[in-house]
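Undergrad: Turn these sequences into a full structure, and let the hints guide you.
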Amino acid sequence: MNPSSANTAPDDAWHVGDVALASRFLLGTAGYPSPQVLRDAIVASGTGVVTVGLKRQLAVAGDNGFVAMIRDAIRETGARLLPNTAGCRSAREAIQLAHMARELYDTAWVKLEVVGDEHTLQPDPFELLVAAEQLTRDGFTVFPYCTDDLVSCRRLLDAGCPLLMPWGAPIGSGQGLLNPFALRTLRERLPDVTLIIDAGIGAPSHAAQALEMGFDAVLLNSAVSQASDPVTMARAFRLAIEAGRAARQAGVMARQDYAVASTPVTGNPFLIGGAP
Amino acid sequence: MNDTVSLPAETIEIRLDGQPRPVAAGTTLAALVASLGHAPAAVSTAVNGDFVPRGLRERPLAAGDVVLLFQPIVGG
Numbered sequence: 170m171n172p173s174s175a176n177t178a179p180d181d182a183w184h185v186g187d188v189a190l191a192s193r194f195l196l197g198t199a200g201y202p203s204p205q206v207l208r209d210a211i212v213a214s215g216t217g218v219v220t221v222g223l224k225r226q227l228a229v230a231g232d233n234g235f236v237a238m239i240r241d242a243i244r245e246t247g248a249r250l251l252p253n254t255a256g257c258r259s260a261r262e263a264i265q266l267a268h269m270a271r272e273l274y275d276t277a278w279v280k281l282e283v284v285g286d287e288h289t290l291q292p293d294p295f296e297l298l299v300a301a302e303q304l305t306r307d308g309f310t311v312f313p314y315c316t317d318d319l320v321s322c323r324r325l326l327d328a329g330c331p332l333l334m335p336w337g338a339p340i341g342s343g344q345g346l347l348n349p350f351a352l353r354t355l356r357e358r359l360p361d362v363t364l365i366i367d368a369g370i371g372a373p374s375h376a377a378q379a380l381e382m383g384f385d386a387v388l389l390n391s392a393v394s395q396a397s398d399p400v401t402m403a404r405a406f407r408l409a410i411e412a413g414r415a416a417r418q419a420g421v422m423a424r425q426d427y428a429v430a431s432t433p434v435t436g437n438p439f440l441i442g443g444a445p
Numbered sequence: 383m384n385d386t387v388s389l390p391a392e393t394i395e396i397r398l399d400g401q402p403r404p405v406a407a408g409t410t411l412a413a414l415v416a417s418l419g420h421a422p423a424a425v426s427t428a429v430n431g432d433f434v435p436r437g438l439r440e441r442p443l444a445a446g447d448v449v450l451l452f453q454p455i456v457g458g
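These protein sequence lines map, in sequence, to chains A and B. If you want our numbering, it's the position in the first sequence, counting the first as 1, plus 169. If you want our numbering, it's the position in the second sequence, counting the first as 1, plus 382.
There could be a bad hint or two in this list.
Below, simulated SDA-like cross-link-like pairs (lysine to any residue); rule was C-alpha separation at most 20 Å, straight line [to be verified]:
(1) A:Lys224 with A:Arg240
(2) A:Lys224 with B:Phe433
(3) A:Lys224 with B:Gln453
(4) A:Lys224 with B:Pro422
(5) A:Lys224 with B:Leu398
(6) A:Lys224 with B:Ala421
(7) A:Lys224 with A:Asp181
(8) A:Lys224 with B:Glu395
(9) A:Lys224 with B:Val429
(10) A:Lys224 with A:Gly200
(11) A:Lys224 with B:Asp399
Hints in this document: simulated from the structure, not taken from any laboratory.
TA: Shown next, in the form of structure tokens:
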């Protein structure tokens with residue numbers, strides 16, 4: 170089975186550079202109860218991109234087999250790895266970590282995270298831009314985890330990022346799309362840019378909403394890994410993302426302030442008690 | 383009988399993953415990685431905050447060098 174072709178219609182692929190991706194679901198790999206559950210969630214999600222990280226080696230090696238299971242799963246599914254720079258607080262740190270990730274994972278893709286606030290884990294737009302410029306020069310394909318600020322997003326595109334990954338809500342909060350106005354503005358002002366909602370999604374309905382709004386994909390982790398049944402939740406997100414994408418393509422009806430009768434009757438269907 | 387006494391190799395102190403660690407003078411980064419039981423491709427390395435690619439680990443470490451090793455892990 171190759172789930173990368175299962176999430177959306179074959180002719181609805183999206184692209185990162187020359188790479189065509191069918192699934193619009195990018196899945197994180199942290200916090201699962203066991204390697205087997207993680208593997209099964211990856212398969213059930215149909216994802217074509219899974220995120221991974223790096224950690225400082227602190228004397229005792231080993232991660233209980235999670236990374237080995239990820240590698241097995243992507244061999245099985247054809248998914249690609251997207252290493253992150255989680256934990257970085259400066260451009261310099263992120264640049265160095267990205268280079269290490271490229272060596273360890275043998276990919277030039279990097280999810281660029283540079284956090285500017287400990288409480289919200291909000292991206293630091295200034296350090297992010299510096300890192301994006303340098304890593305692009307160094308040959309990376311930079312997936313920047315950013316805020317929904319339009320102007321800083323434009324600067325990231327100017328720096329060479331091929332896509333943007335604005336947050337929906339703080340990482341791990343599960344609050345969904347907290348600022349639909351800003352996100353709609355991004356979508357409208359950057360109509361040809363690949364936009365992925367990254368972080369803050371808690372429920373499949375949030376993911377469906379993002380796709381309905383015209384976002385190209387979603388990246389999430391905790392909403393699946395922290396579910397009581399992560400494998401079933403991975404499938405639920407897959408279905409919601411499919412539904413949201415199909416709805417976007419079909420064209421969601423415009424909102425109305427007042428009722429508009431749907432049944433095409435003319436006047437009163439019965440004349441009982443009506444005027445003579 | 384040979385009366386020469388082999389002196390202990392000069393040692394220097396580096397910091398490895400935040401902890402002080404004595405190593406023989408002249409020890410290379412590659413030798414340090416190997417001495418810790420890691421295959422060369424299993425870890426990535428940084429010295430004094432700068433990435434050191436696998437192919438450049440033959441450089442000798444200097445006293446006070448801050449060495450960090452990184453390994454793959456799950457991530458979001």
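Undergrad: Check whether the Cα positions of lysine 224 of chain A and valine 429 of chain B lie no farther apart than 20 Å.
TA: holds, 15 Å
Undergrad: Would you mind confirming whether the straight-line C-alpha gap from lysine 224 of chain A to proline 422 of chain B stays at or under 20 Å?
TA: OK: lysine 224 of chain A and proline 422 of chain B at ~16 Å, within 20 Å.
Undergrad: For a C-alpha distance cap of 20 Å, please report whether lysine 224 of chain A and aspartate 181 of chain A respect it.
TA: violated, 36 Å
Undergrad: Does the alpha-carbon distance linking lysine 224 of chain A and aspartate 399 of chain B stay inside the 20 Å limit?
TA: The given pair, whose Cα atoms are some 11 Å apart, holds under the 20 Å limit.
Undergrad: Compare the distance between the alpha carbons of lysine 224 of chain A and alanine 421 of chain B with 20 Å, and conclude whether the hinted pair is satisfied.
TA: Holds: lysine 224 of chain A and alanine 421 of chain B sit about 17 Å apart, inside 20 Å.
Undergrad: Lysine 224 of chain A and glutamine 453 of chain B were given as a pair; does the straight-line alpha-carbon distance stay at or below 20 Å?
TA: holds, 6 Å
Undergrad: Take the C-alpha atoms of lysine 224 of chain A and leucine 398 of chain B, compute the straight-line distance between them, and say whether it is at most 20 Å.
TA: holds, 14 Å
Undergrad: Is the straight-line distance between the alpha-carbon of lysine 224 of chain A and that of arginine 240 of chain A 20 Å or less?
TA: holds, 17 Å
Undergrad: So if I understand the rule, the pair passes when the alpha-carbon distance is 20 Å or less; does lysine 224 of chain A with glutamate 395 of chain B pass?
TA: Answer violated: lysine 224 of chain A to glutamate 395 of chain B is near 23 Å, above 20 Å.
Undergrad: When you check the alpha-carbon spacing of lysine 224 of chain A and glycine 200 of chain A, does it fall within 20 Å?
TA: holds, 15 Å
Undergrad: Between lysine 224 of chain A and phenylalanine 433 of chain B, is the straight-line Cα distance small enough, at 20 Å or below?
TA: Judged against 20 Å, a Cα distance of about 14 Å means the pair holds.
Figure legend: structure checked against the earlier numbered hints; hints not met, in rising order: 7, 8.
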